[in-house]
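Chain by chain, the residues:
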Amino acid sequence: MQTDEQEFADLVRSAYERAEATPWDVGPEQIRGGRRHRVMALPEPKVIALVAAAVALFAFGIFYFRPSPSRTTAPPVSSTTTSPMGSVAVPNVVGLMQAQAALALGSAGLAVGTITSASSTTFAAGTVIGSNPPGGTSLTQGTAVDLTVSTGPDGTAHSADTTVPSTTPVTRPVPSGQSDPGPAAPATVCSAGNQSITVDVSSAATCVRTGASLTVTFVSQGWWSGYGAWSSAAPMISNGSVLEGLSYAPSGTSATAVFRAVAPGSSVVTAQFDVGCAPEDTTPCTVPPAAFETVDVTVTG
Amino acid sequence: MDAQDDRSASFDSYFRSSRQPLVAMAYVMTGDLQVAQDLTQEAFLRTWSRWRHVSTYDDPKAWTRRVLYNLVVSNARRDRVRRRSGPVPVPVSPPDESHLMLAAALRALPRNQMMAIVLHDGAGMSVHEVALDMKVPEGTVKSWLSRGRAEAAAKLGPAPIGRDGHAD
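Chains as they are written, first to last, in the numbering used here: chain L, 1 to 301; chain H, 1001 to 1168.
Watch out, some of these pointers could steer you wrong.
Sample of chain H residues at the chain L side, in silico, Cβ under 8 Å [said to hold, decoys possible]:
(1) S1018
(2) Q1020
(3) A1024
(4) A1036
Please keep in mind that the hints were generated in silico from the structure rather than gathered at the bench.
Every residue, glycine too, gets a C-beta built ideally from N, C-alpha and C.
Please model the entire structure based on the sequences and the hints provided.
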């Protein structure tokens, strides 16, 4: 502890000395003249907040009021929002075929970066599992976005036997100030047995067996950790009694949380992803608004 | 030389002697030199607008410093609000990542602990001087320093050496 404290004091001291030694070319006349000397003109934060709020409200309106028969099957390509700074929002391309995703990125003014392959039991071969940076991220035009494309389960074509359509609508409450990254994954407990399955929260319905480990894979929106629980008994997991997994991942990459279906039956399960800065995080840690998600999963059996 | 010139001259010398230390203190708390300079300038503008009174204080620097602390804290709060309402920030490499973290850990401390650390560890004031400045007994300053450093150091996680994955 002592060394930590001393180390901290030394860090403070060296930062102070560094700044004190950096010349600042503002004279007292400028202060007395009431002139603010700024190297870089920054818009008023209030203006930025207002513009962002207006854009968000508009985008949400489009998203919310559009006809949505395919809401749980295919994630929508979010409208590309062009901000005044010449930056664009990465469209949500998860679930699209690779070519469609490339088209969507192109029309948003972004380039396709590295394509990585990964096996997936929930995404048909050729569809996009994730993007880096993820959908909704603001980027300058022309920036490349990396894509992860599914090769199907174990690299083979997608088999339908583990996938059944959801019988109940899935809702995911979106806290205010957060963009909806796509529909949540409904999961269904079918029968006894043990099976591990990987589900993307933005994918379509997935069936898991009782006692199975359900590994939810989601794309991180920033440095954060996520955990969740899976239970047929209680809709609340805040007691953490069925917590099975804990993970964190850097921005734009996949993180997983393992849930366990404890009994067959029908109930509503809420998996809550708690957000915090990862312990290994050496970057300035900000918990982004979209990182806190609550996923409602309906279990029928 | 009239009163107005007198006042200007005294402010000028005050400004010249205290600007670098104040910018450095703001930098310790913000981790961003640009922001530190902007906030320090604002603090000096406010000092000048009240210079007639402030110049008669025993320690005008303490007054400007307090204004600066308030600006740093309210600026950080505004920054958070802006982040929350804007798009998810794209992670970029800032000039000095470790110091941004250090500054954030400092700002998360109770105000008195943060001030004591900035004055003592940063500006190099003795415990006695800090105690006089903050109008508390020296023992209180020592405990603020110790508690604040421990808490902030814990927030930073393992020592920087360990974080890089090197054994020593």
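Comparing the hints with the structure gives:
1. Taking 8 Å as the C-beta contact cut-off toward chain L, the hint placing H:S1018 at the interface is violated, the least distance being around 11 Å.
2. Checking H:Q1020 against chain L by beta carbon gives a least distance of about 5 Å; that is within 8 Å, so the hint holds.
3. For H:A1024, the interface hint holds, the least distance from its beta-carbon to any beta-carbon of chain L being 4 Å, beneath 8 Å.
4. Of the supplied interface hints, the one on H:A1036 holds, with its beta-carbon coming within about 7 Å of a beta-carbon of chain L, less than 8 Å.
Hint violations for this structure: number 1 only, all remaining hints satisfied.
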